[in-house]
Every structure is written in structure tokens, then in C-alpha cells.
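**Student:** Assemble the complex: chain A is given as a structure, and chain B must be docked to it using the hints.
If you want the building blocks of each chain, they are given just below.
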Amino acid sequence: MRRITGEQVIFWALPLVAVMWLAAFLLFPGFLPPMSPKWSAARVAAFYRDHTSRVRYSMVLFNWFCVALIPVLMLIVERMRGMAHRTPVLRYCVIGVAGAAPIAFLTSTIFWLLAAFRPDRAPSLTQLYNDLAWITFTCGIPFLVAICVFLAVSIYLDQQDRPVFGRWVAHFNVLIAVALVPAGFAGLTLSGAFAWNGLLSFWVKNVAIAVWILVMAVVLGRALPRHHEGLGTPA
Amino acid sequence: MTGGDGRSDPKRELWLAWYATVAFYSLYAVVFFVVTRTQPPGKPWYGPVEVAAWFSGHHRGLLVGFALIFVLGGLSATSIALITYSIRRMSVSRAFAYSYLILYAIAAVPGFLFICVAMTVGAMRPGRDPAVLRWLYDLGFLSFSGTMGVFLVGSLIWMTAILLDQNRVFPKWFGYMNLCNALTEVVVAPSWIFHGGALAWNGTIAWWINVVVFGLYTGVFITLLRRMILREDFGRGPLPDLAPTMSGPGEAAAEVAAA
Chain A
2 MRRITGEQVI FWALPLVAVM WLAAFLLFPG FLPPMSPKWS AARVAAFYRD
52 HTSRVRYSMV LFNWFCVALI PVLMLIVERM RGMAHRTPVL RYCVIGVAGA
102 APIAFLTSTI FWLLAAFRPD RAPSLTQLYN DLAWITFTCG IPFLVAICVF
152 LAVSIYLDQQ DRPVFGRWVA HFNVLIAVAL VPAGFAGLTL SGAFAWNGLL
202 SFWVKNVAIA VWILVMAVVL GRALPRHHEG LGTPA
Chain B
139 MTGGDGRSDP KRELWLAWYA TVAFYSLYAV VFFVVTRTQP PGKPWYGPVE
189 VAAWFSGHHR GLLVGFALIF VLGGLSATSI ALITYSIRRM SVSRAFAYSY
239 LILYAIAAVP GFLFICVAMT VGAMRPGRDP AVLRWLYDLG FLSFSGTMGV
289 FLVGSLIWMT AILLDQNRVF PKWFGYMNLC NALTEVVVAP SWIFHGGALA
339 WNGTIAWWIN VVVFGLYTGV FITLLRRMIL REDFGRGPLP DLAPTMSGPG
389 EAAAEVAAA
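Protein chains in written order, with our numbering: chain A, 2 to 236; chain B, 139 to 397.
Next comes chain A alone, as it looks inside the complex (with noise of 0.2 Å):
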């Protein structure tokens, strides 16, 4: 019987993590649609006390579950020592931003949590949470966006006869950072496309980083190793 790798447990937790995933994202009741910057701040005290539960529970998920994505990434990472590379200096830089792209939703779902601990508070102070939040998860992309540059980057570079991955997934990788960048100027404007629920900040933004995981899910599957052998030995 052939043994599982650890490899294969990760990247198989994966889409379970996923379902959880969906899960808090349908759960939370400020994303379908997304909350309005310009709500004010009596009609954003009244949403967390109506919704209190809702929030606590998909921002609970988000919050166990959005860091997730690392372990995801780190196998990414060890892909990369595949690559024709002469330094790890590449490598060196996707672990720089790994942690710190979940690190940042992970701060929203605290905001938002926050938001819906006490909903009788002074609705200023609610909103002041839900900005926070907003602008935390819409405009904390710089991790992201690293992270695409620097895989694309790996992947040009990675020139010999059988590439680790293939050079669309560079490309790939070069479009997803294009349609992360208008989500960092969504403080700019309470309003359109930009505002934080618009087109290009909440959708564009949100259905690149769910494309994003399915595409390098499966391009990742099919790199990693299917038998135990040449893994070394086991430390």
C-alpha cells in the first residue's frame, strides 16, 4: 500500500479549508451584498445589532481558518526549490510576505468581531470598527500582490527543459497582482467602482483571490511528487 506524504495532507486539507472558507463567506451578512462605506453611522450601529450573531460566527471561522492559506503556500515554496535557480533568494521572499498576507485579513475578522462585541455602544465607535475592518481586508493586499510578483518572477527565471510550473502560470500570476491593485486605493472614494463594495475593490478584487487558490491548487496537485521515494530521508 502506497503511504500518504505529508505533502498530500496538506494540500488536501485544502479543500476542506475552502468549504470553510465559503462557509464564512456566505455567513457573514455584510458581503451579498457588500456593507456601503456610505452608510451612516446610525445605520451601521443598527446592522451589528441585528446581524450580531451572524458576524460573530463567520468572523470566528475566518478567524480560524484564514491563516490556513500558509501551509498551502509553504508547499508552493518547496516547489520552488525545483526551480533553476542559483540562490534561495526568491524563495526567501515568498516566505517574507506568506505569513503576513492571512496576518492581515486575520486583523479584519478581529475589527469586525470587535464591531459586533458591544452593538449598543456609541454608533460612531461601531463604525470606527466596521472602517477598520473594511479598509483592513479590502486595502491589506501589499502581501498579496507580493506574492504574485514574486512567483511570477520565479516562474520566468525557472528556464530548463521541464519547468516546475508553466510559464502561463506566470502570466497568471502577473494578471491576479493587476487585479489586486485598484482594492488599495478604496479609501479614496466612499463611492463607484473603487469604494470598497465596488466593482473593482470588493468583486474584481475577491473573485481574483478565490481564482488565484483553484488555479494554483490544481497546478500545484499536479506538481507535487506522487510517490514517497526521492523525498530524502525522513527527518
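Simulated from the structure, these hints should not be mistaken for lab results.
Among the hints, erroneous ones may be present.
[Claimed, not checked] Derived CB-CB ranges, DEER-like: (1) R119/A / F352/B: 35 to 41 Å; (2) R55/A / V291/B: 38 to 44 Å; (3) V219/A / F332/B: 51 to 57 Å; (4) F372/B / K39/A: 52 to 58 Å.
[What the hints assert, rightly or not] Chain A is nowhere near these chain B residues, computed Cβ spacing over 10 Å in every case: (5) S164; (6) W192; (7) P309; (8) L337.
Glycine is no exception: its CB is placed at the ideal position from the N, C-alpha and C atoms.
**Tutor:** Same frame as chain A, now just chain B:
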């Protein structure tokens, strides 16, 4: 400077990381000093009304400048990666390199993401209660200058590695310069207490001296990293066509040792 065409230049990854480092620190200086004008920092003794006026005076700059950081801030990882690589080249345990990498990687969230978020949230609603605006103002400036331990311990880790190193990757005097950088994180601690004077977050000691030391330190380490890359000898041969397909712990070490 990079020399050679892309395929055959064995130092291309190092040069890319180095140029990205230069680009990041240039952006960083322009955003903080010119676009957002959050350096030199606002006055810590401002009352709520003055803070509200500060936000309206800096409105557009804060939003545009920090948006640029939201998009490009992740480039900061290139300098961390190069420095981690420099420590791997030294005759010290890998624990030094990995400590440095982790310390600086996690510093990004409290060290610069918080100020971007706090100032953006403050600027996006000019009509917000001035007392709440001052809360954001304090969060922004104090998280930025008051995230200390990472840079304190990180600099000491790098210093110790340089002083122990037998490969002479960096000159010993730069090891001691790390101590100067670490000391700036010590003298900035009183900014958590004082609202005015030399020790406040905009004061002569906590800001002016610190920014000069940090500026010099950064300029010097960027120059020394460039010299390290220039001195790096990978030979002139082309890159390997087939990288090791799978590496276990032993092979990974060999790979870095060869680099």
C-alpha cells in the same frame, strides 16, 4: 552593472532583489516625506480639534500615499530576503538567518500596515468625531514608531552573525552599526509616555536622531548588499538545466552551500 544576458547571468535573482530593494526604499521615502507628509510626524500634543485640522490638511496625500504602500509595500520582502541570504553566506548557524527572516516578515503588519490603515480610515471620513480622529492619529504614529522589538532584536541578530562570521560577508564595523540601529529602538520607547519634548514621537531624540541613524544604516546596508552581490562568485557557467527535482533536508542544505 548586472552584466551578461538574462539566461547566463547567475546573479540575476540577486540583482532583481537588490533593484527591488532600492525601488522600495525610494518609494517609502517619497510616500512618507513627500506624499503623505507623515514624516516628520504630526505633533503628539495636538488636541482633537487640531488633529481634525491636521487630517483635513493632509487628506489627499494620506489617501494616495498609503494606497501606494497598500499596493507596493510587499516589495519590502526583497531586502529582508537579501539580508537573510547574506546571513546564510556567513559561517554561522542557519538559526540566525531564519530568525531575521521571521522577525522582519511579521514586523510588516504592526510596523507599517497599521499606520496605513489608521491614517486611511482617519482621512476617508473628514466629518468624523475629532476625538475618534485623534484615536486613529495616535494609533498611526505610535504603531509606526513604537513597533520596536522586532527591529531591536532583528538588528542584534544580524550584528551577532556579522561579528561571528569568518567568511567576511560584511565588514565588522557594519556589525557595530547594527548596534546603533538597535539603540534607536531603545531611545524611542519613551515616546509611549511623553507628549512633548525630545523624547516624544516627534522629538529631537525619538525622531530626528533616529531618522538620521536609520537613513544612514539603510543607505549603508543597501551599498554593502550590492558589494556582496558583486563579490559573489558563481563562476561564469550557464544555469543548471535540471535543478534537483526533489530535495530532502540534506539536499536543501547542499544546495545553499553551493550557492
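**Student:** With reference to the structure, classify each hint as holding or not holding.
**Tutor:** Each hint, compared with the structure:
1. Our hint of 35 to 41 Å for R119/A and F352/B holds, since their Cβ atoms are close to 40 Å apart.
2. Between R55/A and V291/B the CB atoms are about 41 Å apart, so this pair conforms to the stated range of 38 to 44 Å.
3. Checked against the hint of 51 to 57 Å, the C-beta distance between V219/A and F332/B comes to roughly 55 Å, which is consistent with it.
4. Separated by about 57 Å at the C-beta atoms, F372/B and K39/A satisfy the suggested range of 52 to 58 Å.
5. At the 10 Å boundary, the C-beta of S164/B stays outside the reach of chain A, the nearest C-beta of that chain being 16 Å off.
6. The beta carbon of W192/B sits about 17 Å from the closest Cβ of chain A, which is more than 10 Å, so the claim that it is off the interface holds.
7. A cut-off of 10 Å between C-beta atoms confirms that P309/B is not in contact with chain A; the least separation is 21 Å.
8. With a cut of 10 Å on Cβ distances, L337/B stays outside the contact zone with chain A, its closest approach being about 29 Å.
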